[in-house]
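Taken in order, these protein sequences are the chains called B and W.
For reference, each letter of the first sequence is one residue, going 260 to 748 in this note's numbering.
For reference, each letter of the second sequence is one residue, going 3 to 76 in this note's numbering.
Derived by calculation from the structure, the hints in this document are not laboratory data.
Hints are supplied without guarantee of correctness; some may be wrong.
Claimed, not checked - For lysine to aspartate or glutamate, the following DMTMM-like pairs were computed, each having C-alpha atoms within a straight-line distance of at most 25 Å:
hint, chain 1, residue 1, chain 2, residue 2
1, B, K674, W, E15
2, W, K16, B, E650
3, B, K553, B, E525
4, W, K16, B, E666
What the hints assert, rightly or not - Sample of chain B residues lacking proximity to chain W, with all beta carbon distances greater than 10 Å (derived):
hint, residue
5, E319
6, P326
7, E528
8, A545
9, A556
10, K651
11, A723
12, R734
13, Q741
Unchecked claim - From the structure, some residues in chain W lie toward chain B, with a derived Cβ separation under 7 Å:
hint, residue
14, D6
15, Q9
16, Y13
17, V14
18, I25
19, T28
20, A31
21, L32
22, S54
23, V66
Even for Gly, the Cβ is constructed at its ideal location relative to N, Cα and C.
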Amino acid sequence: MSLPALTLALQAAQLSSRELSSCDLLDAVLGAHAGRGDEANAVVGLRAEAARAEAVEADERLTRGEPLSRIDGIPVLIKDNMVQRGEETTCASRILEGFVSPYDSAAVTCLREAGAVIVGRSNMDEFAMGSSTENSIHGPSRNPWDLERSPGGSSGGAAASVASGLVAGALGSDTGGSIRQPAAFCGVVGMKPTYGRVSRWGLVAFASSLDQIGPLARTAEDAAILLGILAGHDPRDSTSLAEPVPDYCSALDGDVRGLRIGIPKEFFEAEGADPVVLEVVREAIAELERAGAKTLAVTLPHTPYAIAAYYLIATAEASSNLARYDGARYGHRSKKARTLSEMYTLSRSEGFGTEVKRRILLGTYVLSAGYYDAYYRKAQQVRTLLRSDFEKAFEVCDVIATPTSPEVAFRIGEKSDDPLKMYLSDIYTVSANLAGIPGISIPAGFAHELPVGLQVLGRSLDEATLLRAADTFQRRTDHHAQTPRGWLR
Amino acid sequence: MSADLGQILGYVEKLQELDTTGIEPTAHALPHRTPLRSDEPEAPLDPELAVSNAPQRAGTAFVVPKVIGEEGAG
Chain B
260 MSLPALTLAL QAAQLSSREL SSCDLLDAVL GAHAGRGDEA NAVVGLRAEA
310 ARAEAVEADE RLTRGEPLSR IDGIPVLIKD NMVQRGEETT CASRILEGFV
360 SPYDSAAVTC LREAGAVIVG RSNMDEFAMG SSTENSIHGP SRNPWDLERS
410 PGGSSGGAAA SVASGLVAGA LGSDTGGSIR QPAAFCGVVG MKPTYGRVSR
460 WGLVAFASSL DQIGPLARTA EDAAILLGIL AGHDPRDSTS LAEPVPDYCS
510 ALDGDVRGLR IGIPKEFFEA EGADPVVLEV VREAIAELER AGAKTLAVTL
560 PHTPYAIAAY YLIATAEASS NLARYDGARY GHRSKKARTL SEMYTLSRSE
610 GFGTEVKRRI LLGTYVLSAG YYDAYYRKAQ QVRTLLRSDF EKAFEVCDVI
660 ATPTSPEVAF RIGEKSDDPL KMYLSDIYTV SANLAGIPGI SIPAGFAHEL
710 PVGLQVLGRS LDEATLLRAA DTFQRRTDHH AQTPRGWLR
Chain W
3 MSADLGQILG YVEKLQELDT TGIEPTAHAL PHRTPLRSDE PEAPLDPELA
53 VSNAPQRAGT AFVVPKVIGE EGAG
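All chains, full assembly: derive it from the sequences and hints.
So this is what it looks like as structure tokens:
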């Protein structure tokens, strides 16, 4: 087994016993990246030299027996929408090409304070708007299980790098499923924490009431380790919650006896869902039942309206957030602009890609005076109904189990001409963002020789229960240990 | 693009099927209070760094095309 194939927990154990050094791990990552030439196009900014310096420092601490945390010296990737001081952050957009941040995002600060070695940035859909990692100035990322297919999105580069064995852990962001769906498509674990659990300071904003940072890894245990490092209140993000952070790893006791799993029929009856995928998910839930969990039917009756509400709210917020890219203070400024209004218009027209423009136009429209009530306010009211669906369900169950995606990874280009079709693929993930609750996707098995994700949703701030269920499932199955053919793992 | 937008707006019309009379809109998902930081002055970002990404600058100011006199400016 090659070094990057080790889980984060195993890397930590071997670093601690000095069987491995941080430099060994970094060499393995860089070697792996050079070896396959990053065929998945998952990494957009490799910082080999800076990472080397970080690894050398980590090795000094580890040799002294003074690690900063359990992940001290471990190579990780961040998504290209989390700023790092002195490094480029592009959000996969031409408008931010060359942008060098003067400060570290909170997530990067957490990683640095824990001693993690940030080896680079992972590819994504432009401004995290997409479900396929095709909308990127860096070119599309590819799924290691089948290079003709999408790794999902928008954190597709993160999922592909973990799946291909490049790194054991990566950070993604999830506004409507952007961590969970690529995790499902690539056969890895991806968690969207409760809204506000992780600081968004320095995360380039897409839709501020929905965005949340979370980990991608191969095991629930590794996700628990990373979440413990990221979670907590940050005075610079007033939406980050001042609630105690539990020890997520100690919740992983392998015991789900008596856990009440709600099965929402709406998620299994969705139009167009692949029956083979649904069968794999049902079998995964049966495995949790064999481990002692109880299942019961619950209803989330407003699920069929989630996509419509989501795309109105997310685009409205995006149109406001992205107004800052005006060519005045940073980012792309059109060389053709002679007047101020030309500077705004041309810089934005040249700098944004098609999908981003589409969403800005839609968001601006639904916020405009004559349409605000019919679209934006209506969507916010439906958001209330969706939240109350979950509140009622969680009165009788502890977690809710669903498919993460109605299908396996689709082919690159398959949906790129049909934005609505692409949006509809987020049917199972957007509800958690609208309700603010946590969700995790774990490898559930395979359909058509491609990975399938089981999504487990939980009560606000109850990430520990999701991780416990996911870890218990992984102790009893080996889907997460399957490797795409021909890759390092 | 306009055909796509028309199609998407057609799709979101389905929200009108729901009677939302008297339902409070949700702007923010969680009931938790927004924690505020204490109002203490902190060192600001170094102005030199703040303009380091400026497409055009003069000292620590951003330079933009002339506004006054531009047709339709304001």
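Notebook entry, point to check: For this structure, which hints from the list above don't hold up?
Noted result: none
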